[in-house]
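**Student:** Given next are the chains, with one letter for each unit.
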Amino acid sequence: MDNKKNSLTVKDCINIGVFAALYIVIFFVTSFIGYIPIMMAILGVACAVTCGIPLMLFFSKSHVFGMVSIMGAIMGIFMILMGRPWYCIFVALAAGVAADCVLKNGNYKSINKAVIASGVFSLWMMGMEVPLYFGARDTFIESIKEGYGEAYAEVIVKITPNWMFYATIVLTFVGGILGGLLGKAVLKKHFKKAGMA
Amino acid sequence: MDVSIQTFKTSGERALLDPRTSIFAIVVIGVVMVGGSLTGIEYVLRVISCMIPAALLYAVKKYKVATIYFLIMLFIMIIEGTAVQSTVGALNLLFVILSGVVSRFIPQFMMGYCFMCYTKVSEFVVSMERMHVPSVITIPLSVMFRFFPTIAEENRCVIEAMKMRRTGTKKPSLLQKMEYELVPVMMQTVRISDELSQAAMTKGMGLNRKRSHICKVGFRAIDYLMLILLGTILVLFIIY
Chain X
1036 MDNKKNSLTV KDCINIGVFA ALYIVIFFVT SFIGYIPIMM AILGVACAVT
1086 CGIPLMLFFS KSHVFGMVSI MGAIMGIFMI LMGRPWYCIF VALAAGVAAD
1136 CVLKNGNYKS INKAVIASGV FSLWMMGMEV PLYFGARDTF IESIKEGYGE
1186 AYAEVIVKIT PNWMFYATIV LTFVGGILGG LLGKAVLKKH FKKAGMA
Chain C
5 MDVSIQTFKT SGERALLDPR TSIFAIVVIG VVMVGGSLTG IEYVLRVISC
55 MIPAALLYAV KKYKVATIYF LIMLFIMIIE GTAVQSTVGA LNLLFVILSG
105 VVSRFIPQFM MGYCFMCYTK VSEFVVSMER MHVPSVITIP LSVMFRFFPT
155 IAEENRCVIE AMKMRRTGTK KPSLLQKMEY ELVPVMMQTV RISDELSQAA
205 MTKGMGLNRK RSHICKVGFR AIDYLMLILL GTILVLFIIY
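The listed protein sequences correspond, in order, to chains X and C.
Take 1036 as the starting number for the first sequence in this note's numbering and just add one per residue.
Take 5 as the starting number for the second sequence in this note's numbering and just add one per residue.
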């Protein structure tokens, strides 16, 4: 038990699993609005805001490098199981490691760093949006046309010009920070009192 | 309170399919259902792959769920085969969205549900070990899948408690509703995760030690059949 502070334990693994489940449930409840074509572009933002709350609680539980990275990897694995393209997992892993670095910078204590980390972590959702832009765009639009019909594809094309990708990154990041602030408020209001965070 | 949905059965016979086959099935069905088009051979592949979970559910004797799922998918597939092709404009968009919500999300969920129905946590962990997945990934994953029904149950309890104290009658705003339901569920989450880790500690679970097990895991004839079927679907899907 001596090195509890600087290495992963089973307890940490269980914490990751439990919070990943909570995160994914909230993510899916929010992402059902993504099926309306207009909403597809801002889907990341909405998800980032609502998911910030459990994420902040999770950050308050993490005390060692690796926990947030593993969380990111699990998000990636789950996305692949849902039939998303394979590079999702690398984007998610990268976002997790980056968020971990930010937290590490604050020594896993600073709540302001955690808010920023929440913004960084939310970027794992970008993996799902990559096929909409850049080189893969034409094939993706083509597959949408075949799969969802012309009308749907047209709306998608209309609302996603190429610059929208960068805008979505920024928006998701901002959404993550908003979610982080929301989570911070919830933590302060409910969990500090109960001594749980 | 009984749990209506249960992930990872706790005891009983050996799993119908090897966990590795099941995971492959989830991935293949996901790829075909999310990305497939509604015409030509890809449509046939979609029909086949969305019926795999139904067949498996029948095989594990979940007749009610299987029948409901089968009928819904049949209906959706017929809509996709006929109505979507023959309409244009706004009506087409409506049909596409309606059928798409079901056909692009539900089959993977059902396959995952099947997988949980006949697999034990132990079997899952062992097969992940065989694939050389590190235990820092395996343990969170198995906890996560086991935890989904718990969240649903906790949420139901919270809503019931709110009804009992008549806090739900005032029609709270969306943000308030989120706070009222999410915060207690999160509290429970923290508590359950503490309890789980104590349970794991008493069972002597460690990250660096090799786990011993008595369950049998390995490929059998039915696994090979399933793998060939899935492989064919995937290859055909990629070629066309």
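Calculated from the structure, these hints are not laboratory results.
Small disclaimer: the values here were computed from a predicted structure and weren't measured.
No residue lacks a Cβ here, since even glycine has one placed at the ideal position from N, Cα and C.
Please note that a few of the clues may not be correct.
[To be verified] Heads up, incomplete: computed chain X residues facing chain C, CB under 8 angstroms, no partners named:
hint, residue
1, Thr1044
2, Leu1057
3, Val1064
4, Ala1081
5, Ile1115
6, Ala1129
7, Gly1141
8, Asn1142
9, Lys1193
10, Met1199
11, Ala1202
12, Ile1204
13, Leu1206
14, Val1209
[Said to hold, decoys possible] Anything over 10 angstroms on all C-beta distances counts as not near chain X; from chain C, calculated:
hint, residue
15, Leu75
16, Val221
17, Leu233
[To be verified] Listed next, the stretches of chain C that the computed footprint assigns to chain X, with coverage defined by at least 3 CB atoms under 8 angstroms from CB atoms of chain X:
hint, region
18, 117 to 128
19, 131 to 145
20, 184 to 196
**Student:** Take the hints in turn and mark each one as holding or not.
**Tutor:** A quick look at each hint next to the structure:
| no. | hint | in the structure |
| --- | --- | --- |
| 1 | Thr1044 | holds, 7 angstroms |
| 2 | Leu1057 | holds, 6 angstroms |
| 3 | Val1064 | violated, 10 angstroms |
| 4 | Ala1081 | violated, 12 angstroms |
| 5 | Ile1115 | holds, 7 angstroms |
| 6 | Ala1129 | violated, 16 angstroms |
| 7 | Gly1141 | violated, 21 angstroms |
| 8 | Asn1142 | violated, 22 angstroms |
| 9 | Lys1193 | violated, 13 angstroms |
| 10 | Met1199 | violated, 21 angstroms |
| 11 | Ala1202 | violated, 25 angstroms |
| 12 | Ile1204 | violated, 23 angstroms |
| 13 | Leu1206 | violated, 20 angstroms |
| 14 | Val1209 | violated, 18 angstroms |
| 15 | Leu75 | holds, 22 angstroms |
| 16 | Val221 | holds, 20 angstroms |
| 17 | Leu233 | holds, 18 angstroms |
| 18 | 117 to 128 | violated (count 0) |
| 19 | 131 to 145 | holds (count 6) |
| 20 | 184 to 196 | holds (count 8) |
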